[in-house]
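Trainee: Using the sequences and the accompanying hints, generate a full structural model.
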Amino acid sequence: MTACKVVHDTIVIERRFAVSPARVFAAWSDPNARDRWDVPGDDWVIAESEHDFRVGGREYSYFGPRGAPRYSGDGTYLRIIPDSLIVMAGTMSDETGPMSASLSTVEFQAGGPGTLMRYTEQSAFMGDETAAMRIEGWTEIFDRLEVELKG
Amino acid sequence: MSNRSVTHSTFVIERRFDASPARVFNAFADPQAKARWFSGPPEWGPDISEMDFRVGGRETNRGGAPGGPVHSFDATYQDIVPNERIVFTYDMHLDDVRISVSLTTIELTPDAGGTRLKFTEQGAFLDAFDKPALREEGTKGLLDALEASLKPDH
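Those protein sequences? They're chains A and B, same order as listed. Under my numbering, residues 1 to 151 are what the first sequence spells out, in order. Under my numbering, residues 1 to 154 are what the second sequence spells out, in order.
Among the clues, some could well be false.
Take a look, some chain B residues computed to stay more than 10 Å from chain A by CB distance [stated by the list, open to error]:
1) Asp52
2) Val70
3) Leu142
4) Ala145
Below, computed lysine to aspartate or glutamate pairings styled on EDC-like, alpha-carbon distance capped at 20 Å [what the hints assert, rightly or not]:
5) Lys140(B) with Glu107(B)
6) Lys5(A) with Glu107(B)
7) Lys5(A) with Asp79(B)
8) Lys118(B) with Glu43(B)
9) Lys34(B) with Glu50(B)
10) Lys131(B) with Glu84(B)
11) Lys140(B) with Glu14(B)
12) Lys151(B) with Asp30(B)
13) Lys118(B) with Asp9(A)
14) Lys5(A) with Asp111(B)
15) Lys140(B) with Glu43(B)
16) Lys5(A) with Glu84(B)
17) Lys5(A) with Asp95(B)
18) Lys118(B) with Glu147(B)
19) Lys34(B) with Glu107(B)
20) Lys151(B) with Glu14(B)
21) Lys34(B) with Asp74(B)
22) Lys118(B) with Glu107(B)
For the record, the hints were derived by calculation from the structure and aren't laboratory data. All C-beta atoms, glycine included, are put in the ideal place defined by N, C-alpha and C.
Mentor: Written out as structure tokens, the structure is:
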């Protein structure tokens with residue numbers, strides 16, 4: 001078995017939402033809300049998920065293109081401060097094995113009339129995926145979060 | 001609750017050891033071999049540790065100076081390729097305060113009868129209880145101890 005080279009990268013994405021930190025935080029902590037927005041692309045679906053939102057709890061989803069989901073994200077919540085901070089760590093895999101391991105930090109700050117959300121993901125990529133692809137995925141996901149928060 | 005902060009930092013340490021990748025890997029995978037180098041300073045006395053070296057398995061290690069705060073290391077193994085790669089996430093507590101969460105990747109490459117080790121740590125340091133530079137120093141000290149544990153007479 002030959003391991004591919006591991007590529008380490010860090011991405012930071014900031015978004016401003018016109019609602020309170022409590023509302024943005026709730027979109028992450030409420031499992032039903034989370035299943036509505038936390039998948040990239042309108043033609044992708046979450047086939048299975050588990051959002052056990054507490055320190056030590058599991059964050060899992062099996063997702064992908066409608067009819068053929070093939071990705072699984074499996075992680076653990078490591079730190080939660082209501083309305084302020086979420087830290088989680090885990091892996092993303094496809095049917096061939098792990099593609100990446102990541103440490104993700106989500107910070108929520110009250111700013112102006114709304115909230116500044118800063119998402120930082122520190123990753124070890126073990127397959128073909130790159131940080132640029134990961135940014136593209138999160139950009140689509142956060143577009144959906146924005147729609148969720150307007151509802 | 002006003003002093004909340006997160007500092008993200010990545011450091012990389014590269015070392016070469018006069019031991020095969022299999023021996024270096026074993027120093028991470030075998031609880032007894034790991035205990036020879038992965039511990040606090042001698043004045044801390046013995047650590048309390050447990051490890052379950054498989055993907056999804058956990059490792060804990062607790063220790064500290066007498067009368068001082070307990071340092072707790074709690075890790076979960078995320079990926080293991082024998083003799084080549086270990087990826088784990090871990091958090092550090094001082095008593096009940098979580099001071100950091102990190103993603104660590106260890107890569108081993110054969111190098112002319114020895115092994116090159118690349119240690120990459122991507123950390124989130126919480127509320128300024130610890131600094132990336134101190135963690136890097138501490139990690140270098142641990143890798144020095146690892147090197148000593150790999151010497152033939154050890």
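Trainee: For each hint given before, does the structure comply? Return the numbers of the non-compliant ones in rising order.
Mentor: 8, 10, 17
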